[in-house]
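**Q** Top line first, the protein sequences correspond to chains A and B.
Everything in the first sequence is counted per the working numbering, starting at 1 for the first residue and increasing by one.
Everything in the second sequence is counted per the working numbering, starting at 1001 for the first residue and increasing by one.
Calculated from the structure, these hints are not laboratory results.
For every residue, glycine included, the Cβ atom is placed at its ideal position computed from N, Cα and C.
There may be inaccurate statements among the hints.
Said to hold, decoys possible - Facing chain A, from chain B, some residues (calculated, C-beta under 8 Å):
#: 1; residue: Gly1014
#: 2; residue: Gly1035
#: 3; residue: His1071
#: 4; residue: Val1207
#: 5; residue: Ala1209
#: 6; residue: Ala1210
#: 7; residue: His1211
#: 8; residue: Glu1215
#: 9; residue: Leu1229
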Amino acid sequence: MATNEVVLALLRNGPAHGYDLKRDHDAWFPDARPLAFGQVYATLGRLERSGHVEVLETRTEGGPERTVYSLTERGEQQLSDWLAEPAGPAASSAEEIVRKTVAALRTGADTSAFLARQRTAHLRRMRELTAQPANGDPAARLARDHLVAHLDADLRWLDLAVERVAAGRSTSDRSPVPEEASR
Amino acid sequence: MTSHSAAPMLEMIGVEHAYRRTVALRGVSLTVEPGEVVAVTGPSGCGKSTLLHAAAGIVRPQAGAVRLLGHDLTALDEPARTHLRRREVGIVLQFGQLVPDLSVLENVALPLLLDGHERAAAYTAATAWLDRAGFDAEVGTPPAELSGGQAQRVAVARALVAGPAVIFADEPTGSMDTIGGEQLLELLLGAAGERGTAVVLVTHDNVVAAHADREVRLRDGRVEAEAVLR
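I would like the entire structure built from these sequences, with the hints used as guidance.
**A** Here it is as structure tokens:
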């Protein structure tokens, strides 16, 4: 995820300190991995050095000292440029399920059993996501839809893999692959 | 409407069926508990729809047993099967399959009218279910003038109106856009959940299947895999 730009977007709604940003991030993306505090402060430090955010004030309010950041003009521009560009397509060949399936096929493991287990795991995750109430918040719903759509794409790939493995098995039943070709 | 017992809602044991030379089911066994939502999935031609039709008593299988609410469907004659279907079963087929000579309202009220309810009460209930199903056209419309999505909304309203013990649904949102389909599926499963109605969903759509408690996957007329999802 483009953490820099997401932090800029979070600050677009008004100045905030690190704790607010972490809380707002986790509310925006409830199904994603929570943002670690260390990551928030490292990102703010980086953005301050590059002139995209600036320190507005330091508040104590009876508790620990908190530094409030705000977006600079340069930060606004960076956010606007980022939103104007489509995201790059995912490098799906690096996906874990592809690596595992290919490894299972290449090492002679029970690929069909692996694919069936993976399908169940994906469906369970999809069920968890679709079972959660959307609370009428279109932005939260869209973030979840994106995850569901990715799971659905993976599931369609898994179904295709099952077909290809079955087709490969029936082909090799009819005419065994020469030993040299199977290496 | 009946009180639903804790015995299996549906038991299929070694069910076999063929259409001429095409074998659709090769010894399928399936049990569905009261209130359970089961998705039947699998590639095209794997026997999903035949399984649903056999379970609902629309098709009499050539071998094996089908017990619906404890009644052996294969031993019942057609009038008895029809009677059981009318009282206990809601069916949503792929393209709505509404009665062409009846209006939308009459189609939805039909299960109640056949069950001896007063016409006014049946129409009131039918109107309310059509509304919940998001049907926004004129209720006097004949089925031939409906879009695929509208017909599916009507079919879901008709399946729910009499409070059946089990609903069999074949691609219930197949003709709908994503958001409309999602809303209709939520209505179908929400209403079923409130009443402890079991649902057997045939679907090729993973997002629809992910709403189920259990997935039963068919291949070449056999159960290839079963997975608990909840």
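**Q** Compare the structure with each hint and give your call.
**A** Hints and how they fare:
1. Gly1014: 23 Å, violated
2. Gly1035: Because about 16 Å separates Gly1035/B from the closest Cβ in chain A, which is outside the 8 Å limit, the hint is violated.
3. His1071: 32 Å, violated
4. Val1207: 6 Å, holds
5. Ala1209: Ala1209/B check passes; min Cβ-Cβ to chain A is 6 Å, inside 8 Å.
6. Ala1210: 4 Å, holds
7. His1211: 6 Å, holds
8. Glu1215: Holds - the Cβ of Glu1215/B comes within 8 Å of chain A, reaching about 6 Å at its closest.
9. Leu1229: 5 Å, holds
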